[in-house]
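2 protein chains.
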Amino acid sequence: MDHLYEKTVATKQIFKGKVIDLEVKEVELPNGKMSSREIVKHPGAVAVVPMTKEGNIVLVRQYRKALGKTIVEIPAGKLEKGENPLESAARELEEETGYKTKKLEFLLSFYTSPGFADELIYLYFTDELEKGTVNMDEDEFLDLIEVSLEEAEKMVKDQTIHDAKTAYAILYMRMKAGFKS
Amino acid sequence: MDHLYEKTVATKQIFKGKVIDLEVKEVELPNGKMSSREIVKHPGAVAVVPMTKEGNIVLVRQYRKALGKTIVEIPAGKLEKGENPLESAARELEEETGYKTKKLEFLLSFYTSPGFADELIYLYFTDELEKGTVNMDEDEFLDLIEVSLEEAEKMVKDQTIHDAKTAYAILYMRMKAGFKS
Numbered sequence: 001m002d003h004l005y006e007k008t009v010a011t012k013q014i015f016k017g018k019v020i021d022l023e024v025k026e027v028e029l030p031n032g033k034m035s036s037r038e039i040v041k042h043p044g045a046v047a048v049v050p051m052t053k054e055g056n057i058v059l060v061r062q063y064r065k066a067l068g069k070t071i072v073e074i075p076a077g078k079l080e081k082g083e084n085p086l087e088s089a090a091r092e093l094e095e096e097t098g099y100k101t102k103k104l105e106f107l108l109s110f111y112t113s114p115g116f117a118d119e120l121i122y123l124y125f126t127d128e129l130e131k132g133t134v135n136m137d138e139d140e141f142l143d144l145i146e147v148s149l150e151e152a153e154k155m156v157k158d159q160t161i162h163d164a165k166t167a168y169a170i171l172y173m174r175m176k177a178g179f180k181s
Numbered sequence: 001m002d003h004l005y006e007k008t009v010a011t012k013q014i015f016k017g018k019v020i021d022l023e024v025k026e027v028e029l030p031n032g033k034m035s036s037r038e039i040v041k042h043p044g045a046v047a048v049v050p051m052t053k054e055g056n057i058v059l060v061r062q063y064r065k066a067l068g069k070t071i072v073e074i075p076a077g078k079l080e081k082g083e084n085p086l087e088s089a090a091r092e093l094e095e096e097t098g099y100k101t102k103k104l105e106f107l108l109s110f111y112t113s114p115g116f117a118d119e120l121i122y123l124y125f126t127d128e129l130e131k132g133t134v135n136m137d138e139d140e141f142l143d144l145i146e147v148s149l150e151e152a153e154k155m156v157k158d159q160t161i162h163d164a165k166t167a168y169a170i171l172y173m174r175m176k177a178g179f180k181s
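If you're matching them up, the sequences are chains A and B in order. First residue of the first sequence: 1, per UniProt numbering; consecutive thereafter. First residue of the second sequence: 1, per UniProt numbering; consecutive thereafter.
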């Protein structure tokens with residue numbers, strides 16, 4: 001047993017929602033003391049770095065009610081029931097940008113808020129975009145922005161991109177494109 | 001008014017916890033339809049990239065109950081009531097690593113999960129570490145790991161670092177150290 005392990009003594013379900021659930025767990029710490037952990041259960045999500053044939057990254061500006069404002073992000077969304085991450089990534093890309101793709105390359109995954117949530121995001125890349133036939137969903141409200149990778153990196157530096165997954169994805173692309181040591 | 005704005009029609013408080021609160025908001029979408037948003041309220045957090053005089057980054061491995069396993073992260077923690085981010089960063093650094101510092105440089109901030117939470121993390125850097133006098137808190141259970149920036153970058157690439165804030169912080173340091181174009 002890991003010496004850092006926290007044993008669950010009791011679990012209380014607080015909320016079951018359409019996106020997240022909330023539970024509180026009573027845990028026994030490694031020193032035998034008791035504590036509680038507030039845990040958000042999330043279905044997991046996908047995000048896509050979509051690159052046009054001109055080499056631009058397609059970003060979306062959308063309103064985030066949790067923040068009370070719009071922010072700039074890569075296309076992303078939560079996994080729907082029964083959907084695998086690859087299908088989900090293709091769906092979210094088309095719903096949010098209108099672009100279809102037959103080729104999605106898995107880059108990496110990451111936890112967004114391990115202190116209180118189990119959300120894991122699967123990140124994909126595509127540089128084969130075709131104009132889709134599906135109209136953007138009438139319940140999706142967002143603006144599309146196309147920028148070069150260099151511009152996107154500037155937006156990370158000046159915090160115009162203020163979202164961790166987007167900033168991480170841009171810097172990861174930048175690293176792949178060649179950080180020289 | 002922003003054309004993407006979602007107007008709050010009603011707010012229902014679901015839970016008030018020691019770390020997070022949960023509320024559900026009924027909102028009016030830009031097309032006049034109604035929807036609901038599940039929102040986790042978080043006090044905000046800080047994270048620190050601590051660099052030793054040998055140029056190594058100090059990382060912590062800790063058990064995250066939300067994930068049911070240990071992961072590797074930079075030292076981090078939530079803002080306590082009445083605390084500003086700079087004070088919080090110095091405190092968390094010492095509590096988690098035993099290192100004190102008089103110099104913390106603010107690097108940037110970022111949202112971790114804008115789809116369902118308002119958590120904002122303030123990221124700091126220090127390369128002036130002194131052995132603190134405070135013993136590590138008896139309720140903090142973690143292992144310390146020191147790695148070079150190059151090793152940390154490898155850990156991002158091979159997903160040994162699976163936490164978004166840590167991966168972003170490492171790539172940001174790497175960018176500062178010189179991505180050559």
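Any given hint might turn out to be false.
Listed next, the stretches of chain B that the computed footprint assigns to chain A, with coverage defined by at least 3 CB atoms under 8 Å from CB atoms of chain A [said to hold, decoys possible]:
1) 47-61
2) 79-85
3) 94-104
4) 107-115
5) 122-131
6) 166-174
Don't read these hints as lab results, they were simulated from the structure. Where is the CB? At the ideal position from N, CA and C, for every residue including glycine.
For this session: Could you work out which earlier hints the structure fails to respect and list their numbers in ascending sequence?
Result: Structure breaks hints 1, 2, 3, 5.
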